[in-house]
Amino acid sequence: MARKSAPVVPRKLRDRRIARAAFPDVALRALALGDLPQIARWLATPHVAARWDPPHVALPAMVRDIDDADMSPFIIIARGRAVGFLQIYAATNTAFWTGHDLPHETFGLDLFIGAADALRQGYGSASLSLAAAHLLDIPGVARVQGDPSPDNKASLRAFAKAGFENRGEITTPDGPAIYMAIEGKR
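Using the numbering used here, the first residue of the sequence shown is number 527, and each one after it goes up by one.
Bear in mind the hints are in silico, worked out from the structure with no lab data behind them.
Note that beta-carbon positions come from the ideal geometry of N, C-alpha and C, so glycine has one too.
Misleading hints may appear alongside valid ones.
[What the hints assert, rightly or not] Mimicking SDA-like on lysine to any residue, the simulated pairs with C-alpha atoms at most 25 Å apart in a straight line are:
{"no.": "1", "residue 1": "Lys679", "residue 2": "Trp578"}
{"no.": "2", "residue 1": "Lys711", "residue 2": "Asp596"}
{"no.": "3", "residue 1": "Lys679", "residue 2": "Asp643"}
{"no.": "4", "residue 1": "Lys711", "residue 2": "Gln647"}
{"no.": "5", "residue 1": "Lys679", "residue 2": "Ala642"}
{"no.": "6", "residue 1": "Lys679", "residue 2": "Gly648"}
{"no.": "7", "residue 1": "Lys711", "residue 2": "Asp677"}
{"no.": "8", "residue 1": "Lys687", "residue 2": "Lys711"}
{"no.": "9", "residue 1": "Lys687", "residue 2": "Asp677"}
{"no.": "10", "residue 1": "Lys711", "residue 2": "Asp663"}
{"no.": "11", "residue 1": "Lys687", "residue 2": "Ala642"}
{"no.": "12", "residue 1": "Lys711", "residue 2": "Glu691"}
{"no.": "13", "residue 1": "Lys687", "residue 2": "Ala576"}
{"no.": "14", "residue 1": "Lys711", "residue 2": "Ala659"}
{"no.": "15", "residue 1": "Lys687", "residue 2": "Pro702"}
{"no.": "16", "residue 1": "Lys679", "residue 2": "Gln613"}
{"no.": "17", "residue 1": "Lys679", "residue 2": "Ala566"}
{"no.": "18", "residue 1": "Lys687", "residue 2": "Ala641"}
{"no.": "19", "residue 1": "Lys679", "residue 2": "Pro665"}
{"no.": "20", "residue 1": "Lys711", "residue 2": "Gln613"}
{"no.": "21", "residue 1": "Lys679", "residue 2": "Arg693"}
{"no.": "22", "residue 1": "Lys687", "residue 2": "Asp700"}
{"no.": "23", "residue 1": "Lys679", "residue 2": "Asp663"}
{"no.": "24", "residue 1": "Lys687", "residue 2": "Asp643"}
{"no.": "25", "residue 1": "Lys711", "residue 2": "Lys679"}
[To be verified] What follows is a set of in silico ranges between Cβ atoms, one per label pair, in the way DEER data are often shown:
{"no.": "26", "residue 1": "His582", "residue 2": "Glu709", "range": "20 to 28 Å"}
{"no.": "27", "residue 1": "Val589", "residue 2": "Leu645", "range": "36 to 44 Å"}
{"no.": "28", "residue 1": "Gly689", "residue 2": "Arg646", "range": "25 to 33 Å"}
{"no.": "29", "residue 1": "Asp643", "residue 2": "Glu691", "range": "17 to 25 Å"}
{"no.": "30", "residue 1": "Arg577", "residue 2": "Lys711", "range": "19 to 27 Å"}
{"no.": "31", "residue 1": "Leu559", "residue 2": "Arg683", "range": "29 to 37 Å"}
{"no.": "32", "residue 1": "Asp663", "residue 2": "Arg693", "range": "16 to 24 Å"}
{"no.": "33", "residue 1": "Ala576", "residue 2": "Gln647", "range": "26 to 34 Å"}
{"no.": "34", "residue 1": "His582", "residue 2": "Asp636", "range": "29 to 37 Å"}
{"no.": "35", "residue 1": "Leu585", "residue 2": "His630", "range": "17 to 25 Å"}
{"no.": "36", "residue 1": "Lys711", "residue 2": "His582", "range": "40 to 48 Å"}
{"no.": "37", "residue 1": "Arg605", "residue 2": "Ala558", "range": "14 to 22 Å"}
{"no.": "38", "residue 1": "Val583", "residue 2": "Thr697", "range": "20 to 28 Å"}
{"no.": "39", "residue 1": "His582", "residue 2": "Glu691", "range": "30 to 38 Å"}
Go ahead and model the full structure; you've got the sequences and the hints to work with.
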C-alpha cells in the first residue's frame, strides 16, 4: 500500500488579494512598491513608531519581503481604503522559531493599523481573523501564531478577539512577547 504524502504547503502566498464574505469590510491586498510612501507615513506616527522600526530600517526590509520566499506582506484595506499593514511569514523557516517546538507548517502574523482614525474599529482583529482563516484553509497548515508585546494591550485584544489562544510569555529577539496561536484542523 502506497504511503500518502503530506500536502506541500507554500511558504509564500501567491494571493494578490484575500477577502471573505465573513469579513465584508476588510480585505488584504499584496504590498506593492507604490505603497511604500504610505507605509513610511504610518511608521512615523506615534502609535506605530512605538512598536515598529523607523522607516529607514523597516522600509528596506519590506521591499525585500515582497520577493522573499518566506514572507507575504499585505496592505489592510478597510471599507475600501488602506488602513494598515499585515505580514504573513513561514515561522518554521525563521532562525528564531526553528529553535522552538512548532508544528512543521506554522505561519506567523505581524500587523499594525497605521491610520489613526481606523484604530479601535475592529480592523486589526478582522484582519487577523481573515489571514488566519485563509491560512488554515490551506491543507497541511498546522498553526497560525503571533507574538505581541505584553504591554501592547490593543494588539493582545485583537489577537484574542480573532480567536488566538494566549499560550504565555516568551522572549523574542525584540524582547518579551505573549505567544498567541490558533491550531489547524487535524
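- Message: Does Gln647 sit within 25 Å of Lys711, going by the straight-line distance between their CA atoms?
- Response: Violated, at about 29 Å.
- Message: Between the alpha carbons of Lys687 and Ala576, is the straight-line distance 25 Å or under?
- Response: Judged against 25 Å, a Cα distance of about 22 Å means the pair holds.
- Query: Does the Cβ pair Ala576, Gln647 satisfy 26 to 34 Å?
  - Reply: violated, 19 Å
- Message: Check the hint pairing Lys679 with Arg693 against an upper bound of 25 Å on the C-alpha distance.
- Response: Holds - the C-alpha atoms of Arg693 and Lys679 are around 16 Å apart, at most 25 Å.
- Item | Pair hint Lys711 and Asp677, alpha-carbon separation not exceeding 25 Å | Violated. Lys711 to Asp677 sits at ~31 Å, over the 25 Å cutoff.
- Do the alpha carbons of Lys687 and Ala641 lie within 25 Å of each other, as the hint requires? The hint holds at about 20 Å.
- Message: Check whether the Cα positions of Lys711 and Glu691 lie no farther apart than 25 Å.
- Response: holds, 15 Å
- Regarding the pair Lys687 and Asp677, is the alpha-carbon distance no greater than 25 Å? holds, 17 Å
- Message: What's the verdict on Lys687 and Ala642, does the C-alpha distance respect the 25 Å limit or exceed it?
- Response: Holds, at about 20 Å.
- Item | 25 Å limit on alpha-carbon distance, applied to hinted pair Lys687 and Pro702 | holds, 21 Å
- Decide if the proposed pair is consistent with the structure: Lys711 and Ala659, CA atoms, cutoff 25 Å inclusive. holds, 11 Å
- Evaluate the given range 17 to 25 Å for the C-beta pair formed by Asp643 and Glu691. Taking Cβ atoms as reference, Asp643 and Glu691 lie about 31 Å apart, which means the hint is violated.
When the structure is compared with the earlier hints, violations turn up for hints 4, 7, 19, 23, 25, 26, 27, 28, 29, 30, 33, 34 and 35 and for no others.
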